[in-house]
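Novice: Chains as they are written, first to last, in my numbering: chain A, 1 to 132; chain B, 1 to 230.
None of these hints come from the bench; they were simulated from the model.
None of the values given here were measured: they were computed from a predicted structure.
Check each hint, because a few of them may be wrong.
[As the list claims (entries may be wrong)] Residues from chain A that face chain B, not an exhaustive set, calculated with beta carbons under 7 angstroms:
hint	residue
1	18
2	71
3	78
4	112
5	114
Each residue gets a CB set at the ideal place from its N, CA and C atoms; glycine is no exception.
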Amino acid sequence: MKNMAVLSVQILFLALISKLGYFVAELLSLPLPGNVLGMLFLLVLLWSRVLPLRLIEKGSLLLVQHLALFVIPIAVGLMNFGDPLLDNGLVMLLALGVSLVVGICVTGLVSQRLVKPKREESHGTEFPDHAV
Amino acid sequence: MEPSFLITLYSLGITITMYAFSRMLAKEYAWLRATPVFISTALIILILTVGGVREQDYSQAREILAFLLGPATVALAVPIYKNRQHLYAHAVPVVLGLVTGSVATILVVVAVAKLFQATPIVLLSLGLQSVTVPVALDLAHLLKGSETLTAGVVIITGMLGAMLSPWLMNRIGIHHPMARGLVLGTLAQEQGTAQAAVEGELQGAIAAIAMGVAAVFIALLAPVLMPTLI
Chain A
1 MKNMAVLSVQ
11 ILFLALISKL
21 GYFVAELLSL
31 PLPGNVLGML
41 FLLVLLWSRV
51 LPLRLIEKGS
61 LLLVQHLALF
71 VIPIAVGLMN
81 FGDPLLDNGL
91 VMLLALGVSL
101 VVGICVTGLV
111 SQRLVKPKRE
121 ESHGTEFPDH
131 AV
Chain B
1 MEPSFLITLY
11 SLGITITMYA
21 FSRMLAKEYA
31 WLRATPVFIS
41 TALIILILTV
51 GGVREQDYSQ
61 AREILAFLLG
71 PATVALAVPI
81 YKNRQHLYAH
91 AVPVVLGLVT
101 GSVATILVVV
111 AVAKLFQATP
121 IVLLSLGLQS
131 VTVPVALDLA
141 HLLKGSETLT
151 AGVVIITGML
161 GAMLSPWLMN
171 RIGIHHPMAR
181 GLVLGTLAQE
191 QGTAQAAVEG
201 ELQGAIAAIA
211 MGVAAVFIAL
221 LAPVLMPTLI
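Next comes chain B alone, as it looks inside the complex:
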């Protein structure tokens, strides 16, 4: 049965309100900066569950908002194009850092999860951890994995990566703004890019580029690499 118009309207309202609220929190409190996606998702699930709205009832609201994912992903070309000077200036370190880091991350995450006998569905989602969500979802679909689980993995990765990276980079002496932006954008997608933009202009620009380039790189790599790994 199609969810009713009112439930869809209610679901949309809750979603947008919680999104705005979590963004406000992230702006207000520095330690919540990397968490808006996680917090709003958790709050929405809580409110829907308490209000007796089932997952199926939410589907229409999801489709309306997810429709914009396609154009939003295409739009990622704009920050890359606008910041192309930074890409020209740092082409070699950006490309090599991104390729080695992405491949290392995928190999390690699959190896660790395999150690604990994770299922292929879980392995696939984990392997897509660093890809920006819309592309990760498409890849999950393409490789016959779970889109929902992949979304969860990517969101958690973004949050962990955005919180962990600045701290770890300070420890191991990564100070160059280009390298810092590259790490955040390559490994923690949207949430990392937001964090990088707070650190500085060059960091933000490089992170935006890295997020887009990493998505393209892994989109090319995953269909070949993942089936052999899992």
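Just chain A, same shape as in the assembly:
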């Protein structure tokens, strides 16, 4: 019971930050989603140690773990989308497939090329792989 109350308060706090993000984005007319701004606010709060991680960790990780559940209902709206989807479906799939192949190659090769020399030089002293 106490656990539920703690989680609810944590989630409520996150919801408030999200609202604050939308409010600030609107106020300054930033072309940035309020959610993203809220995420940046929370990051700053954590990084600056104003907000200790343990105060929001449980609720945050619960939400992140079940992100998919909150997304599925929006995708269900596709049931009203029959015709445009059927018309464009094949083209969209093709475009997504081709761009993914390119994206995977670019992201993977660029990042791996850049990380390798550093690893060899430092040989696990300066940049240990599991420095947590």
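Given chain A, work out where chain B should sit, using these hints.
Specialist: Structure of chain B alone, referenced to chain A:
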């Protein structure tokens, strides 16, 4: 007319049950690992249609669950913060790999779709393919696109990306755990991150960071880039 309380309760029940069921399937069978969102969406649509529940009747259930999207997106700061050591250690390859890969993906998807005369609404949704769903929805709204179509595109991308990436990376010799996590998180958002976490701890951590950073990056880029592309 507002959907009745019972229909909303029924819709919520179906949604949560199918979500739990598809997650169970994904845990049980390795080849279904990247598909829980797709499978549950398809099952829910099927069950609602067979049961005669219309899309409008579902709206209340959607609003209840979608309310949590905002706080859930904000919460993405937590995995980034918890894994910040990995970010410090690999800052240059992470940032450059993410930026070049995201931009290349957007340019290619728009180019291919334009070749087939796709409409601006479709182009916009495709351009947001790699952004985590809640942010992609906000961006679609901001740029006057279709939220539903964008959700569909992002979910399909996540599924394709999570299934295709490990196979393709093995083919082209991407073996470094950092690079593998980065690819999965940058291009296949939630579903890629889940796949990366199965590969290993570093992969999962980098993927979680990449998903968040890519969302911020594209949120900054799309309002400038997309109107000129479409």
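Novice: What hints, given by number in increasing order, does this structure fail?
Specialist: none
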